[in-house]
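Input sequences plus hints: build the corresponding full structure.
What follows is each chain in one-letter form.
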Amino acid sequence: MADMFKPSRRAFLRGGAAVAAGSVAGAAGAQSPDTLITELQDWASITGAGVDETPYGLPIRFEADVIRRNVEWLTASPISSINFTPIHALDGTITPQGCAFERHHSGAIELTKGDYRLMINGLVDRPLVFTYEDLERFPRENHVYFCECAANTGMEWAGAQLNGVQFTHGMIHNMEYTGVPLRALLNEAGLGAAGDFKDKWVYVEGADASSNGRSIPMEKALDDVLVAFKANGEALRMEHGYPVRLVVPGWEGNMWVKWLRRVEVTDAAVESREETSKYTDVYEDGTARKWTWVMDAKSVITSPSPQMPITHGKGPMVISGLAWSGHGQITRVDVSKDGGITWETARLGKQGDTKALTRFYLDTDWDGAPMLLQSRAMDETGYVQPTKDQLREQRGENSVYHNNCIQTWYVNAEGIAENVEVS
Amino acid sequence: MSKSPNLVLPAIGGIALMLGAAYGFSSRNYGADTIALLEDRVEKAEARVSSASDKAKAEAERATALELAVAEAQEQAAKGTNLTSPAPQMEGAYGLGRVAMAEEIAAWDVDVLPDGRGLPVGSGNAFDGEEVFADKCASCHGDFAEGVDNWPVLAGGFDTLADEDPVKTVGSYWPHLSTVYDYVYRSMPFGEAGTLTPDETYAIVAYILYSNDLIDDEFELSNENLANFDMHNKDGFVIDDRPDLEYATWRVEPCMDNCKDAVEITMRSVFLVETPPEGGTNSMMNPAKVEGLPSFSSDGPSFIPEAAPKPVKAAVEAAPEPAKADDGDVLIEAGKKVFKKCKACHQVGDGAKNKTGPHLNDLFGRTFGSVDGFKYSNTFKTALEEGRVWDEASLAEFLSKPKAYMKGTKMSFSGLKKDSDQQAINAYLATFGN
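Protein chains in written order, with UniProt numbering: chain A, 1 to 423; chain B, 1 to 434.
Since the hints were made in silico from the structure, they are not lab data.
On a predicted model such as this, the values are computed, not experimentally measured, just so you know.
Even glycine gets a Cβ: it sits at the ideal position worked out from N, Cα and C.
Any given hint might turn out to be false.
Looking from chain B toward chain A, a few residues come up when the C-beta cut is under 10 Å (computed) [unchecked claim]:
hint, residue
1, V42
2, E164
3, E253
4, L293
5, Y376
Structure below.
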């Protein structure tokens, strides 16, 4: 058992601290006074860091392991690769930009606001070019949305693969975006030339060497798509498309084109490489689904999880996790401790925003016995997150993308959690 | 806003004062002219009074309406109705941005649709394509488009789509040939995107078809016939049918109690993932088996497995201090990180082999282009003949702009921008040999 779990350094330290506290000053059974309280500590006596020590603040060094991490062997080169958000160590719903996962097809580029241009062309009345400054003159909106890579949890189609929620579910982040509705820019170029919107599309394209491009139906383009330049209040990070990215709420991350340089109104889908060779879902019989844009409702327990063992022994504890749906609001999350035999409805941290992460908590009393932890999300359409079996029955195991199955963690009597699959 | 009724009152008061003054004057003994004048003034004043009182009435009405609106808004705010609204949408345009010029559109709008719209005039065949492919693509995708190492495979895989691990290639999977042209022309070669001519691209696309046994090497592919080419998997796709097949059955009230009789653990994580302090991950196979784990019923786990002995060390470990290493070690560590950019193509250390690029052991002091068994480009062959030798300075220069320093090199790498990265990579590579 001991060698099956390699805790992160931080987990180790927490474990250590818990053991130390338990033997010295456990809440109920203190044997001798806690020296952290009875003795004068340096930090209570000597002054600390002055202002401006770090003009742009970073997490304290004790949190140094809460970082994005990649799994090198998944891809050929870090230039066209992915890393994972440390969702196991976060709480609430907003993902700080600095630890929000990255996915590039030709690396992250440095593009200045001054060099930035956005072209709107195709079936429009006036093809236009905007500068960055132009974009900031349109009325803008604020929205919190999740961005999930369609391949999130993709490894797990074939069974329990990677031991850590960061690696099974970390291709997701959730930020508050500030931007201009795409419809305002299309309106500025004039959609008279597009005629009937019913079979019209916009093709959106990035400025980097991959020139990642996707076709989006006009209906969605005119609905809630944002041309965003700020996230969580500050400029986008380079790795998320500075200075301007597209935000396509509830739809797969690949469509959220970074370094957005062009929006073309067309009368057909371009069927680019990213919407044929990739981001199509192969069924068991070899045929494939295309245009599977929406991310269905999904949830996962982030703590306890393999990187977040229970270190305090039995008694009161918080089981916590995240839920989200590309169809709208999360309305309910149920949690099971016995692998899906019985379910309890969890408490939502706050009312879920539409197409954004919702935090859930199950405040419970652990009796110290092993658990099979699962969570199950429901969204405003009444959709219930499926089990792995339900998904496989529909799609087989070769889809790669859109795996929104119920995840199981086996938590043993020592509080150590492992990624498992159950009957 | 609730103040507006008060603002109306002084206006009415002012008019009453004026009226009082006018009648006061008329009771005194003045001349006819003066009286006429006064009468005229009174008339005017009366007219003003009536219009003013009309206005006052209208304003009072408006004020009441506004007060009502305020009360309503306050009531709504108290009820939690929010006052946010989406960004206003203009009827016409704001007049922002400027008209895109034809040359600009031509430069950026190069996407190609399945029906061939967007294809530039041009042509090429597999015979010519083979040469370009060998030069610009084969280092990653293999001489026959079969893929080197982990780089994408572009050929073969027919009849594997229903297998456990389908091989999805241009030949076996891609539904439209337009996509191949579109992607190669815009996005490849990796690290030098956008440098192919239309004719080169037609030739390469023909060569990829040829590698997939879909055409012979004389077939001339052009803007005329590309869109009509039937791909092997053209009918292999259906439009998202989750709404019918899945949503219809999964939008139901879920079970809460006794949903199953018993639950067994059927599989444990294949990989354990270590998260070292310097970042990244190390994965290793998980030796643990499912045997010996409890099963679950509504009574809980069937038994509680015995606890493994606790690692004792954990209790005494202290908070991590910032790393204190000497500068040389720090530089080598940094170099190891930078080398991640090279790792996709180069190996170093014991047992290093030639991959997409030659191995880089014993680099400093080594003649350019001298690793046995590696197929160098002509520019490296020439450098070998000239006897040029790698040192830290030449490596730094090469890595800052590979294509400029070795014109014609097939190393598709944009270069290291930072001096500090170059110093680090020098320090790191120096640890392998010499």
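Taking the hints in turn, this is what the structure says about them:
no., hint, in the structure
1, V42, "violated (55 Å)"
2, E164, "holds (7 Å)"
3, E253, "holds (8 Å)"
4, L293, "holds (7 Å)"
5, Y376, "violated (21 Å)"
Hint check: violations occur at hints 1 and 5; the rest are consistent with the structure.
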